[in-house]
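> Given next are the chains, with one letter for each unit.
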Amino acid sequence: MPLDVLLVLVIGGISGIALLLHLSGRSKLLYMTAEDARAAWHRHVPDDLIQEVTVASNGHAALVTTQQGMGLVWAFGADSVARPLHDFDLLDTKDGLRIAFHDFSAPEAHLKLTEAERDIWRSRLRPQ
Amino acid sequence: MTPNYPDVVQWAVPVFTAAILIEFLWIALKKRGGRYETRDAVTSLIMGAGNVAAGLILGFIAWGFFSVLWHITPLDLGHSVWVIVLCFVLDDLRYYWVHRFGHRIRWVWASHVNHHSSQHYNLTTALRQTWTGTFTFMMVVRAPLILLGFHPAMVLFCGGLNLIYQFWIHTEAINRLPRWFEAVMNTPSHHRAHHGRNPRYLDCNYAGVFIIWDKMFGTFVPEQRDDAVDYGLVHNIGTFNPLRVAFHEWVGIWKDVSQPGLSLRQRLAYAFAPPGYSHDGSRETSASIKAKHLARHPEDAGTPGFASGARR
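Residue numbers (my numbering), protein chains in the order written: chain A, 55 to 182; chain B, 98 to 409.
A few of these clues could be false.
Said to hold, decoys possible - Covered, in the sense of this in silico footprint (three residues per stretch, anywhere, with C-beta under 8 Å from a C-beta of chain B), are these stretches of chain A:
#1 91-104
#2 112-124
#3 160-174
Claimed, not checked - Estimated spans, in silico, between C-beta atoms of each pair:
#4 A/Arg180 - B/Trp123: 15 to 23 Å
#5 A/Glu89 - B/Leu118: 30 to 38 Å
#6 B/Ser385 - A/Gly113: 32 to 40 Å
#7 B/Val178 - A/Thr87: 56 to 64 Å
#8 B/Val180 - A/Arg97: 46 to 54 Å
#9 B/Val178 - A/Asp141: 53 to 61 Å
#10 A/Ile65 - B/Lys352: 17 to 25 Å
Bear in mind the hints are in silico, worked out from the structure with no lab data behind them. Model, not experiment: these values are computed from the prediction. By construction, the Cβ of each residue, glycine as well, lies at the ideal position given by its N, Cα and C atoms.
Produce the entire structure from the sequences given, and follow the hints as far as they go.
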């Protein structure tokens, strides 16, 4: 197949499918209740004993306190990702916080938080 | 003279696009049979495009290797239909072992991991292919075929057909096919199990086209109705960036191998032992994940995926 035809097919195909998915509502972020966040954490770390779950008011992230330490579970598209919170930087953003993990496979999590939430989360997340 | 075999994967691109649209419309209209998410799908599609580009850029390395083998072998089986059919079957056996190595040797897993990095399972997942396959040197597993007299162009043609076959099995829209077909061929059901991160489904169903290889070599686990497949990685990645998807395990290997205070044996194990190896036992391998699962759920002992305890 000529390279220019292949390029048109690939770029056109990807763009068209992306547009179709977005316009049909497939870009929504996962919404979590406390129970969902608990299940999401156990999905990633089945053996942890969860002591407390604090879900952000927008439902897209949760702080999970376990006997093994604190962790974050956050919406990743329609699914979730979880990471323990023991090696990260915490940065303020205009609408919340950004957690920069030192992890090439999960570089950061953007947390949209209210002003009140941000203060609470910041105090709990402050790296030791 | 090099015979003229078409690059079937490139010619299949329009078919891939049409099939994705059909699957999506089916899911949207029937409200079952799978899930789509925009960024996940776009990432998968870009990985597929990058795989084709990597083949165009780096394909000369494998081709050069195969050409040398073809030059030195005294055998030439020709190009009859039966030789092509035999080549396809033997290349599928080759695929089984490359795929098995891809899950059991971290160096090869670093290339293959991106195919498993989506938490979705739809036809775009099929296209989430590696950019770094050349660096695994798994082209050596094709050497016996060429030394036996199968022309390199024929071997690559059969490999392309194998890849195309595997496209359609990446779907939840097809439940189970007739029993005779499920017994011989790799199917959506068998391959869904392969993509599972559930302890039961780790390291199973490596087949490309014929599921008989898994049955022969003891790695077959049928999809269980009471253990729904949870797609993705044991430790799911948190990025849609194609560069991070393509290279994250290579970066992980480098960080592990280059940490101070390790013996040479430990450094080599971080690169070539099964994924999850750690010198201090702080990480989980598929064997330890299965063992821990059985400790929590002893009732699962002896069921598929746990057939011989935790050491499958």
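> Compare the structure with each hint and give your call.
Hint check:
With 4 residues bearing a CB less than 8 Å from a CB of chain B, the region 91-104 of chain A meets the requirement of three and the coverage assertion stands. Closer than 8 Å: that is the beta-carbon criterion, and the region 112-124 of chain A has 0 residues meeting it against chain B, so the requirement of 3 is violated. With a threshold of 8 Å between beta carbons, the proposed coverage of the region 160-174 of chain A by chain B holds, since 3 of its residues qualify and at least three are required. Taking 15 to 23 Å as the suggested C-beta distance range, the pair A/Arg180 and B/Trp123 does not conform, at roughly 49 Å.
Taking the beta carbon of each, A/Glu89 and B/Leu118 are about 36 Å apart, inside 30 to 38 Å as hinted. Between B/Ser385 and A/Gly113 the CB atoms are about 34 Å apart, so this pair conforms to the stated range of 32 to 40 Å. In this structure, B/Val178 and A/Thr87 meet the distance hint of 56 to 64 Å, their C-beta atoms being roughly 59 Å apart. The hinted range of 46 to 54 Å is satisfied by B/Val180 and A/Arg97, whose Cβ atoms lie roughly 48 Å apart.
With their beta carbons about 58 Å apart, B/Val178 and A/Asp141 fall inside the hinted range of 53 to 61 Å. A/Ile65 and B/Lys352 have their C-beta atoms about 34 Å apart, which leaves the hinted 17 to 25 Å range violated.
Violated hints, listed in ascending order, are 2, 4 and 10; each of the other numbered hints is respected by the structure.
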